[in-house]
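S.K.: Spelled out, the chains give:
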Amino acid sequence: MTASTTEQQEGGSGKGEGQNRSTILLHTTAEDHHVARMAAVALGLTILEGAIPSPLPGVKPGLANIVTLIVLARYGWRMAVWVSLLRVFAGSLMFGNFLTPGFFLGLSGALLSLLVLGIAQHLPSRWFGPVSHSIYAAFAHIAGQMTVVYLWLIPNAGIAYLIPIFATAALVFGTVNGLIAARFMEEAK
Amino acid sequence: MTVLQHIKPGDWLTLVLCSIGVVWLMLTLWTGELADKAVIRSGGKLFREVSLSRNQTIEVPGPLGISVIAIQDRKARIASDPSPRQYCVRQGWLQQAGEIALCLPNQVSVELVGNHKRYDSLNY
Numbered sequence: 000m001t002a003s004t005t006e007q008q009e010g011g012s013g014k015g016e017g018q019n020r021s022t023i024l025l026h027t028t029a030e031d032h033h034v035a036r037m038a039a040v041a042l043g044l045t046i047l048e049g050a051i052p053s054p055l056p057g058v059k060p061g062l063a064n065i066v067t068l069i070v071l072a073r074y075g076w077r078m079a080v081w082v083s084l085l086r087v088f089a090g091s092l093m094f095g096n097f098l099t100p101g102f103f104l105g106l107s108g109a110l111l112s113l114l115v116l117g118i119a120q121h122l123p124s125r126w127f128g129p130v131s132h133s134i135y136a137a138f139a140h141i142a143g144q145m146t147v148v149y150l151w152l153i154p155n156a157g158i159a160y161l162i163p164i165f166a167t168a169a170l171v172f173g174t175v176n177g178l179i180a181a182r183f184m185e186e187a188k
Numbered sequence: 000m001t002v003l004q005h006i007k008p009g010d011w012l013t014l015v016l017c018s019i020g021v022v023w024l025m026l027t028l029w030t031g032e033l034a035d036k037a038v039i040r041s042g043g044k045l046f047r048e049v050s051l052s053r054n055q056t057i058e059v060p061g062p063l064g065i066s067v068i069a070i071q072d073r074k075a076r077i078a079s080d081p082s083p084r085q086y087c088v089r090q091g092w093l094q095q096a097g098e099i100a101l102c103l104p105n106q107v108s109v110e111l112v113g114n115h116k117r118y119d120s121l122n123y
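Sequence lines, in order, name chains A and B. Take the first sequence: its letter number 48 is residue 47 in numbering that gives the first Met the number 0, and every next letter is one higher. Take the second sequence: its letter number 18 is residue 17 in numbering that gives the first Met the number 0, and every next letter is one higher.
There could be a bad hint or two in this list.
[Stated by the list, open to error] Derived pair list, reagent style EDC-like, types lysine to aspartate or glutamate, alpha-carbon separation capped at 20 Å:
hint : chain 1 : residue 1 : chain 2 : residue 2
1    : B       : Lys36     : B       : Asp72
2    : B       : Lys7      : A       : Glu185
3    : B       : Lys7      : A       : Glu186
4    : B       : Lys36     : B       : Glu48
[Said to hold, decoys possible] Estimated spans, in silico, between C-beta atoms of each pair:
hint : chain 1 : residue 1 : chain 2 : residue 2 : range
5    : B       : Gln71     : A       : Thr167    : 47 to 53 Å
6    : B       : Gln90     : A       : Phe94     : 54 to 60 Å
7    : A       : His121    : B       : Gln4      : 20 to 26 Å
8    : A       : Tyr149    : B       : Ala69     : 47 to 53 Å
Hints in this document: simulated from the structure, not taken from any laboratory. Using N, Cα and C, we set each Cβ at its ideal position, and we do this for glycine too.
My request is simple: use the sequences and hints to build the entire structure.
M.R.: Laid out in structure tokens, this is it:
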């Protein structure tokens, strides 16, 4: 895979000086296109999810993780990392929260859950399926977020009070997302 | 085709273990909130630390006079105080760990603490 998933870029440096105009062409593979397509689906789910009211800030179904799970099962961990991180970065640009605390919360959660998925994918597939992956990833997601919240935003032991709420949400939504991913892969076979 | 057939044996194991983990988190993080002793300060210095298990009244001297602290049924309150606005008296009974009543004019305070001291915006 090439370093970028951008299909084609035309960069004109300096509007007045015509001679400096240059064209950058990035050669992309079919795999890149696939990453972009899957990331786009994940983005769509993120936006859809933004319309669902949440009882507590931070408690979200994480529907985009369904895409990450499917990509992990079908195309491996590297592709899942691409899709997940593209979704985080592009999503933050779309919602206008790039480099805000919310962005770093999403990023830390995504990074830690990708790390855990990297380990969890080696579980014997005869016994463990997307449901397990999804639950572990969901717990890793809140663990990453809570760590950033505690170290950076609210360095107060009082947030421990919220951990059971987030853990319950992770268990429920992790299971549901895993089931959706498993069901989808079953039907697509 | 049911939804449940997508859950493999290991997934059930994951579900059960994680459920136990969540329940354990609830039990450890959501209990022990009730206070078990009161820390009484006068003039910024520790005056006494008393258990909430015994009902008693304690007289604490301050620059304006005597503040009376009552402890009853695992709760504590400032029963009387010479401060002009009586804020700490009107605060009533304190029950949860971390709750605090301050009589600033008389420099007397009562703070409830649990097994481990939790942080709040006052003492962080």
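S.K.: Compare the structure with each hint and give your call.
M.R.: Against the structure, the hints come out as follows:
1. This hinted pair checks out: B/Lys36 and B/Asp72 have alpha carbons roughly 12 Å apart, not beyond 20 Å.
2. Note on B/Lys7 and A/Glu185: the hinted pairing holds, with a Cα-Cα distance of about 13 Å set against a maximum of 20 Å.
3. Between B/Lys7 and A/Glu186 the alpha-carbon distance is near 17 Å, which keeps this suggested pair within the 20 Å criterion.
4. Of the supplied pair hints, the one linking B/Lys36 and B/Glu48 holds, its CA atoms being roughly 7 Å apart against a limit of 20 Å.
5. Under the hint 47 to 53 Å, the C-beta atoms of B/Gln71 and A/Thr167, about 37 Å apart, miss the expected range.
6. A hinted range of 54 to 60 Å is violated for the C-beta pair B/Gln90 and A/Phe94, which are about 43 Å apart.
7. Between A/His121 and B/Gln4 the beta carbons are some 24 Å apart, a value that agrees with the proposed interval 20 to 26 Å.
8. Taken as a hint, the range 47 to 53 Å is violated for the pair A/Tyr149 and B/Ala69, whose Cβ atoms sit roughly 37 Å apart.
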